[in-house]
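So the protein sequences, as listed, match chains A and B. Under our numbering, the first residue of the first sequence is numbered 1, with each subsequent residue one higher. Under our numbering, the first residue of the second sequence is numbered 1, with each subsequent residue one higher.
Be aware that one or more of the hints could be misleading.
Some chain B residues judged to face chain A by a derived CB distance under 10 Å, without partners named [claimed, not checked]:
hint, residue
1, Y9
2, G119
3, T135
4, D213
Hints were generated in silico from the structure; no laboratory data involved. Quantities reported herein were computed from a predicted structural model and do not represent experimental measurements. By construction, the Cβ of each residue, glycine as well, lies at the ideal position given by its N, Cα and C atoms.
Residue strings, one per chain:
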Amino acid sequence: MTKGKIFIIFLVALGVLFTAGCADTEQSEEAVEDVIVIGIMGPYTGGAAAYGNAAKDGAMLAFDEADLPNVRVVVEDTKSETREAATVMNKMVSVDNVQAVVGDLISAATLAAAPIAVQNQVVMISPASTSTDISDAGEYIFRTIPGDDGQGLFAANAMHEKGFTNVALLYTNDQYGNGLANIITKEFTALGGTIVADETYEAGSSDMRTQLSKIRNADPDAIYVVSNTPDTSVALLRQITEMNIASQIFGSEGLKVASILELGSSVEGIIITSVSPESDEFRQKYMDAYGEQPPAFAAQAYDAATAIIMAIEQGATTGEQIKNSLYEMEFDGASGHIIFDEKGDVEGGYVLVEVLNGTFVTMEE
Amino acid sequence: MISAYLSAYHTHVLILIFIYIILVVSLNLALGYTGLLNLGHVAFFGIGAYTSALLALEGLTYLAAMIAAGLFASVFGYLLVIATDRLKGDYLAMATLGFSFVVYSLLLNLGEITRGAMGIPGIPKPSILGITFLTNDEYLVFVFLICLISVFIMYRIVNSPFGKLLEATRDNAVCLRVLGKNTLSLKYKAMMISAFFAGISGSLYAHYITFIDPTSFYISELILVLTIVIVGGLASIKGSIVATTVIIYLPELLRLLEMPSSVMGPARQAIYALILIAILMIRPRGLFGKVDLE
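Make a model of the complete structure from these sequences and hints.
As structure tokens, then:
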């Protein structure tokens, strides 16, 4: 009885394998014609899924708008895991025959997929990976978001200009948090300020009371908080209020999510360092298409897709041609003025965003 | 040559399967054959990966770095048994799970050595006797050979008189002690061999993906490896090999299902989970399992 069942399961699995195999070859034959395949990869499951979906929607918006007849888009989930990212990149390169990819978001995933892209001459444009290591990942690796050094320098200078001298740092013990904290520490001390507390928490944790009480004891004028998951941001801000910490709160990009506004009056006055806001035109387009404000990274993904589309419109068909075209192009994108330097990075601009009356308001210079 | 039959993608999946076969069979050696409920195996995998990557970046030749990775992981296997030698069953599981956390924290916080959360990019591809395994095809041949050798050695071990003693330790340690056997020494040996091969597979992994960070060697990885051992069946090398192939390959097959991109990620994971549950409902001891753990 059980043996029979197993046999049936294996038969079904085999069937799936065969049909899938057939579909597979048909597709690749088609691809040999003159269809250019573009990949979109990112986390659509797991803790960073909200960002992944936003980036995917942003990029799809650009492809839908351009509606190029010779472009086909494939989407794959990388779950923010390095192994998955390498698998997806291998699949996109050899099965789908992609020439360019929008993704990944998480720096670690981008770094794991990058060598495969470089080896196969496929362009990668990340809309969200900010690790400084990505600059040196290869000539095929681009990004439409400035690296950590950009936000770190901006944050340190902003806190200095606002007259804060004793600052505490609270950040996730991951690639993003450490990268940002290192740069802020270096720059802020150089400006004459003092980092009075330097605390980390594990990604995904929701209880930061120990770290916060150490920070409270250090009595800082301001706290700079780095968080890149919405749940953690909410938990963290709630605990800061509960513990009656009166210092000015500064936050990184990831705090600019709608869910923190639900905390009401306690988050009023929080200042977030954020990449320059998306253009009004893009915000309108995004609202029309998806019925909500564009979340973080949607505009950057839109620009990454736009850059690839522009390269194709200029006649590029292979990864190598797209790469060459990217180094020469310059345009006003949804996230700002896009021009790639010799490492494939964009300079980007930052602004301070304050929470005022329950919304995010960009502060004037 | 191989690429005439398989795309680089399928080669990639095969490479992962061979790397995980070494990792899973080595865990089965401790968990299935010796009955050590070890939840720290993924830490050995990480230690191997980091050791090998760091040594190779310092200029050590690949083969030496790989052996060093195995040996270093093995040393940690020894230390883990020293720390837990009085524990059994659930308690051993908890303590070894703690070991996973400790190693993860060390990798994360020894920033000076491991670059902490930033991870290590640019790990060189292995090079032996002047041949560098750059492409997936070349790496596949290399990994296949290492996997074959490793599994053969472990197969010989579990089928030797020594292997029977390991199984006896699992089934009735008291009886074995009455017969004058040193069960503690058997535990040490089993754990060290198991850790050695986990270290080797970590090395193969690091030099294949060329980027590692602490999150690659944490809970989700541990769950994956344990799932494979349990689905394959305890104390069955054949089961481990079949289960590794099925569990690594299944999500890739699911990629080929046409689905709208909005539900794709979650839907695939749900189907994947259902299939695993189905397997364990039909075969509660796993595909080829011979024993139950208490």
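Okay, the hints, checked on the actual structure:
Hint status for B:Y9 relative to chain A: holds, with the closest Cβ pair at about 4 Å, below 10 Å. The interface hint given for B:G119 holds, since its Cβ lies 6 Å from the closest Cβ of chain A, which is under the 10 Å cut-off. Restraint check, B:T135 versus chain A: the minimum CB separation of about 8 Å is within 10 Å; hint holds. A cut of 10 Å between beta carbons decides the hint on B:D213: the least distance to chain A is about 5 Å, and the hint holds.
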